[in-house]
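**Q** Here are the chains, one letter per residue:
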Amino acid sequence: MAILEVNNLGKSFGATEVLKDISFSLEKGESLAIIGSSGSGKTTLLRCLNYLETPDRGSIRVNGEVIFDAANAGRMSVADLRRNRLHFGLVFQSFNLFPQYTAFQNVVLAGELLAREQPDYKANKKRILDGIHENGRKLLASVGLSAKADNYPHQLSGGQQQRVAIARALALNPDILCFDEPTSALDPELTGEVLNVIRALAARSTTMIIVTHEMQFARQVADNVLFMDKGVIVEYGKPEDVIDNPKQERTRRFLENYTNG
Amino acid sequence: MLDIIKVLISGFGENLRIFVLTLAMAIPLGLVITFGSMTKFRPIRWITRVFVWVIRGTPLMLQLFVVLYAPGLLFGIPMRNRMMATLVAFVINYAAYFSEIYRGGIESIPTGQYEAGAVLGMTRAQIFFKVVLLQVVKRITPSMGNEVITLVKDTALSRVIGVAEIIMVAERYTKQGLIGPLFSTGLYFLLFNGLLTLALGWIERRMDYFRA
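Sequences listed follow chains W and F, in order.
Heads up: the first sequence begins at 409 in the numbering used here, then just goes up one per residue.
Heads up: the second sequence begins at 392 in the numbering used here, then just goes up one per residue.
Among these hints, one or two may not hold up.
[Stated by the list, open to error] Below, computed lysine to aspartate or glutamate pairings styled on DMTMM-like, alpha-carbon distance capped at 25 angstroms:
#1 K521/F - E520/W
#2 K521/F - D652/W
#3 K556/W - D599/F
#4 K521/F - D528/W
[Stated by the list, open to error] Derived list of chain W stretches under chain F, where covered just means 3 residues or more per stretch with a C-beta under 8 angstroms from a C-beta of chain F:
#5 458-472
#6 495-504
#7 515-527
None of these hints come from the bench; they were simulated from the model.
We put the beta carbon where it would ideally sit given N, CA and C, even for glycine.
Assemble the whole structure, with the sequences as input and the hints as a guide.
**A** Next up, the structure:
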C-alpha cells in the first residue's frame, strides 16, 4: 500500500488555478523529485500537503487514512489538523530557523512542546526530555553539525542553517519529509553540503518529496520524477525516462534550459 | 534651598508615580488593543482602529480634561481623584501608541516563522509566545524606548488637572520672584531620562545574542 495517495487535488488563488486535478502516490522509502518552472504549482502542492494551503478539491491519504478531504475540509478540528500535519515534515527554501534559539534548541523545541501533551509527561518528565535531547544530538551529528550545536542561526552559513533545518524537520519523525527548493537560497558553493545530507537520507530510505531545480541531483537521488507545468502533472516516471528521455514536448522544452546552460 | 529641593523632589515623585503606573498598565493593555486591531473579526477590528485613531489624533491634555470631567457630566459620578483621572488618561493614551508599535513589530515578523512553527505541530499560542514574541520585543525596543522617554516628559501635563507634579510646585516659587527652581526642574527630567537611556541600552544588549 502506498504511504501517500494524492487524489484529484485542485487549488485556485482567486481566478488563477494553480493546481488542476493532481493525483500521484508515493511508496514508503521512495524519494520523489518534483521539477518544473516557477509558477508550475510545485511549491503550492507541497504547501497543500503540509496544510499551509487548503486545497479546494481532492483528497490526501497517508497509510490509507484520509487526512484531508476537500468535501469536509472546514470540519477538521484544530487538534486533528495538528496531528495530521505531523505526518509531514517540511524543509523551507529560506530555512526559517528560529533566530533566538541555538541550533540544538531549534531541533528540540517542537518535540519538547509536543511532549507536554503526553499524559505521562509530569511523571516521566526527565526521561522524556532526555530522550528528545539525545535524539536532537544524534540528528545534529547526522547532518555533521555537532560542533555547532550551541551556535545561533546568524552564526551559521546558509548551508549549515539548512542542515539544521533538516535535522529540525526530522526530529518529529515524519512519515514523509518534504523539501521546497532546499538549495535555491544558497550560494552555489554551499549547495553540495545540503544535497549530500539529502543523499544520505535517500540512502537510508527516507520517504521524501523534493521540489528542486537541481536536475543532476534529482537524477541521482530520486526514485521517481514528476514534471509539473501550469498546475498539471505532465510527465511522471523513472529519472532516466523523464529527465533523459522525456516523452512530452513540454518536458523537453523545460529541460533544454538546464542542458544548454 | 534644601527646602526647595525637598519640595521639588516630592513633586517629581508624582511624575515618577504616573510614569511607573502608566507603563505597568499600558504595556499589557497595549497588547490587548493590538490583538483587537489585528483580529479577523471585522467589527472588533474596526472599533479598535477607530479608538486608536481618536486617542492618537487628539491631544493628551484634552484627554486629561475629558477623563476628569466627563464621568461627572455624563453619569453624575464626579471624578474626585485627580491622580486617578491622570492615570486613566495616560494608560489609555499610551496603550494606544504601544498597540501600534506592537502591531508593526508583529507584522514585521516573516510568515516563514509562523509556518515553520505550524508544520512542527505548534499551536498558535506556542508559535506566538515561543517563536514570535521575543523577536517582536527585540524589534520594537528602540521605538518603545522613544515612547518611554516621551512619557517621562508627558507626566508634566498632569498639572492641567491639578496634580502637584514638579513643574507645578516649582512654578509657585516664581510668585516669590524665584525663577531658579522652575528652570532646575529640567535637571530632574534629564537625570531620570539619562538613567532610562542606560537601562534601555542594557535591555537592547541583552538581546544582542540573536538577529531578528
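**Q** If a hint holds in the structure, say so; if it does not, say that too.
**A** Hints, verified against the model:
Annotation: proposed proximity of K521/F to E520/W holds, straight-line Cα distance about 12 angstroms (limit 25 angstroms). Only pairs whose Cα atoms come within 25 angstroms are accepted, and K521/F paired with D652/W is rejected, the gap being roughly 47 angstroms. Between K556/W and D599/F, the direct Cα distance comes to roughly 19 angstroms. Compliance with the 25 angstroms bound is thereby established for this hinted pair. Between the alpha carbons of K521/F and D528/W the distance comes to roughly 23 angstroms, so the proposed pair stays at or under 25 angstroms and holds.
Coverage of the segment 458-472 of chain W by chain F holds [criterion: at least 3 residues with CB-CB distance below 8 angstroms; count 3]. For the segment 495-504 of chain W, the stated coverage by chain F holds: 6 residues have a C-beta nearer than 8 angstroms to a C-beta of that chain, and at least 3 were required. Interface restraint, the segment 515-527 of chain W with chain F: holds (4 residues with C-beta to C-beta distance below 8 angstroms; minimum three).
Checked against the numbered hints given earlier, this structure breaks only hint 2.
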